[in-house]
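Peer 1: When you get a sec, could you build the whole thing from the sequences and use the hints?
Chains A and B, in that order, are what the protein sequence lines are.
Residue 4 in numbering that gives the first Met the number 0 sits at position 5 of the first sequence, with consecutive numbering throughout.
Residue 205 in numbering that gives the first Met the number 0 sits at position 206 of the second sequence, with consecutive numbering throughout.
No lab work stands behind these hints: they were computed from the structure.
One or more of the hints may lead you astray.
As the list makes no split between identical chains, a pair holds if one copy fits it or if it spans any two.
Claimed, not checked - Only pairs whose alpha carbons sit at most 30 Å apart, straight line, appear in this in silico DSS-like list of lysine-lysine: (1) 313 to 299; (2) 150 to 299; (3) 292 to 174; (4) 308 to 150; (5) 150 to 94; (6) 278 to 216; (7) 292 to 94; (8) 216 to 174; (9) 292 to 216; (10) 313 to 150; (11) 150 to 174; (12) 308 to 94; (13) 193 to 174; (14) 174 to 299; (15) 150 to 292.
Since the model is a prediction, treat every value here as computed from it, not as a measurement.
Number of protein chains: 2
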Amino acid sequence: MKVVITGGAGFIGQRLARSLLQRGRLTAPDGGEAGIDEILLYDVQVPAARPSWADERVVLRAGDISDTGEVASLIDRDDISVFHLASVVSGGGEKDFDLAMRVNLTGGLNVFEACRARAKKGAGLPRVVFASSIAVFGGSAMAPVVGDHAKQTPQTTYGITKSICELLVNDYTRKGFFDGRSARLPTVIVRPGKPNAAASSFVSGLFREPLNGEVCKIPVSEDTVMPLLGYRSIVDGFIALHEADGAALGDDRAVSLPSFTVTVGDLIDALRRVAHDRKLGEIVFEPDPFIQKICDGWPKDASYERATKLGLPKDASLDAIVENYIEDFL
Amino acid sequence: MKVVITGGAGFIGQRLARSLLQRGRLTAPDGGEAGIDEILLYDVQVPAARPSWADERVVLRAGDISDTGEVASLIDRDDISVFHLASVVSGGGEKDFDLAMRVNLTGGLNVFEACRARAKKGAGLPRVVFASSIAVFGGSAMAPVVGDHAKQTPQTTYGITKSICELLVNDYTRKGFFDGRSARLPTVIVRPGKPNAAASSFVSGLFREPLNGEVCKIPVSEDTVMPLLGYRSIVDGFIALHEADGAALGDDRAVSLPSFTVTVGDLIDALRRVAHDRKLGEIVFEPDPFIQKICDGWPKDASYERATKLGLPKDASLDAIVENYIEDFL
Chain A
0 MKVVITGGAG
10 FIGQRLARSL
20 LQRGRLTAPD
30 GGEAGIDEIL
40 LYDVQVPAAR
50 PSWADERVVL
60 RAGDISDTGE
70 VASLIDRDDI
80 SVFHLASVVS
90 GGGEKDFDLA
100 MRVNLTGGLN
110 VFEACRARAK
120 KGAGLPRVVF
130 ASSIAVFGGS
140 AMAPVVGDHA
150 KQTPQTTYGI
160 TKSICELLVN
170 DYTRKGFFDG
180 RSARLPTVIV
190 RPGKPNAAAS
200 SFVSGLFREP
210 LNGEVCKIPV
220 SEDTVMPLLG
230 YRSIVDGFIA
240 LHEADGAALG
250 DDRAVSLPSF
260 TVTVGDLIDA
270 LRRVAHDRKL
280 GEIVFEPDPF
290 IQKICDGWPK
300 DASYERATKL
310 GLPKDASLDA
320 IVENYIEDFL
Chain B
0 MKVVITGGAG
10 FIGQRLARSL
20 LQRGRLTAPD
30 GGEAGIDEIL
40 LYDVQVPAAR
50 PSWADERVVL
60 RAGDISDTGE
70 VASLIDRDDI
80 SVFHLASVVS
90 GGGEKDFDLA
100 MRVNLTGGLN
110 VFEACRARAK
120 KGAGLPRVVF
130 ASSIAVFGGS
140 AMAPVVGDHA
150 KQTPQTTYGI
160 TKSICELLVN
170 DYTRKGFFDG
180 RSARLPTVIV
190 RPGKPNAAAS
200 SFVSGLFREP
210 LNGEVCKIPV
220 SEDTVMPLLG
230 YRSIVDGFIA
240 LHEADGAALG
250 DDRAVSLPSF
260 TVTVGDLIDA
270 LRRVAHDRKL
280 GEIVFEPDPF
290 IQKICDGWPK
300 DASYERATKL
310 GLPKDASLDA
320 IVENYIEDFL
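Peer 2: Here it is as structure tokens:
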């Protein structure tokens, strides 16, 4: 079978592809297990060469997810699964509303329609795993702890488009157009490489830069709270959700992934514990009202009963997440 | 100022236009009151001649709301308000998914973008009142009483598109693109004329047909429950929501209108009470699993605290709704 990962050149997309290569098999549209013979990493930009971890099953393709015909051409087999990760991120979406709508809403619809076209051919239903976000929650009436049954009144265009795509995944699944599942992600740490336009980008930077001996600038206050999860659990969670029994998901296909709710202060403490005698770059607080405002609108605590019931993974501890990062990247 | 009513040739659209003509004024984008010099009733089909209740301020225009350029051409003044009522209804949406998406989602986006284009011209923000529906609620985890803070997991494409448009109205308002307000409608009674493709169409028929001496076929069981409201309160509610103080609405612009929660049996009792010695057409139960299934998915009870706080109107009683209908139409 073929696996399409939109946003596949990103950090999580590549980690997911790597895990799928190792795993080798997934549940196919016909309900049986099938070997993966192609993983297509589709993104707005892709590396010039196949990454070192990849073998010949991995195909890279750059393109525009808002192009309906192009997206249809990617989802060109009946024995297919799609992980739809492509997205303008939170800070980026606040700066360019039209781009967020084009990539996140039109792009999502393109992916969903392309999968629906495959289901029509009578070869079972392709499974679609959509990367939603805890940014679907927000607003003045937000519950103190947001979970699978909390109302979604997002306060960013990013969150709005994620919430809309959760609704669409539910309806396309209800209609029998594909077999959809949405994973609602908390902040993901520790992302290697460079900062991105996500408002939460600094949370990875807080570990990454000091461990590289570099100065890290934190744009929010030390008591800023966020639910987060390590990238290994995120990737394993995507795969577990893909493999989960559809009946156990029922008529709401969206599941909040497990998370730890911590403050920036907790993160700094964990970094110091895990670093042992490594020399760390300095952490400097440089408030940025634009970022602080977005973070202040995020949930103060998150629950994840459905994920627990479905057996979705959670890192052992905050320290374990940082230790994994050191093991994988340093 | 100009008022555009999409779906304006429908029952509620015409009643709304009539009330606006009588009222003569609305709060304009600049915040002051302005006289209404044009009411455009835009719909997929419009009457050949101006209705008897209308004067020369009323303009009728037929068209396709999924046509972006056409919708932009309707919203052609800065001193404008829009009541966006156009919609494929619940039963119709279940039978034609693509039509529901085109009319309700693409159509909604066209209206919202056209209003945003007006706001850009620096003449204040046009007010947009969007007709949402209690059909945004549903699913196996639905709360026993659904209100302004209940999670929306609709189980019809109609409900999904209404939920999506509530989210879009919130975000366009948050971004300062227009001043949006969504009214979440329960079942509206008593609609005159012919049955339509709404799953709730029989609820009006239950009064209309017997009062006309005609047989009425009820496609659901006598204990089927629904929250409902009379058309006079719906129309007055739209206008009150248009006039409401934006600050009182806050960051969630959607408000459940008041409603009565009743059974089909309650409706029949009310009909008999109000009819006095009128000879009534027979009521026959003819179960239709397609309609019963949609109605079974609807809320069993609804609350409306925000509407009460905003002073939105509610009919005095179920009997009063039926008496109004007799006064207005018989």
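Peer 1: All hints, please: hold or fail.
Peer 2: Now for the hints, and whether the structure bears them out:
1. 313 to 299: Close inside one copy (19 Å), not across copies (37 Å); limit 30 Å.
2. 150 to 299: both (15 Å within a copy, 18 Å between copies)
3. 292 to 174: between (38 Å within a copy, 14 Å between copies)
4. 308 to 150: Both: 21 Å inside a chain and 20 Å across chains, each within 30 Å.
5. 150 to 94: both (25 Å within a copy, 28 Å between copies)
6. 278 to 216: Within one copy only: 17 Å inside, 80 Å across.
7. 292 to 94: Within one copy, since 14 Å is at most 30 Å while 43 Å is not.
8. 216 to 174: between (48 Å within a copy, 28 Å between copies)
9. 292 to 216: within (17 Å within a copy, 56 Å between copies)
10. 313 to 150: Both. Shortest intra-copy (24 Å) and inter-copy (25 Å) distances satisfy the 30 Å Cα cut-off.
11. 150 to 174: both (23 Å within a copy, 20 Å between copies)
12. 308 to 94: Neither: 38 Å inside a chain and 35 Å across chains, both beyond 30 Å.
13. 193 to 174: between (41 Å within a copy, 29 Å between copies)
14. 174 to 299: between (35 Å within a copy, 23 Å between copies)
15. 150 to 292: both (21 Å within a copy, 24 Å between copies)
The structure does not agree with numbered hint 12 stated previously, though it agrees with all others.
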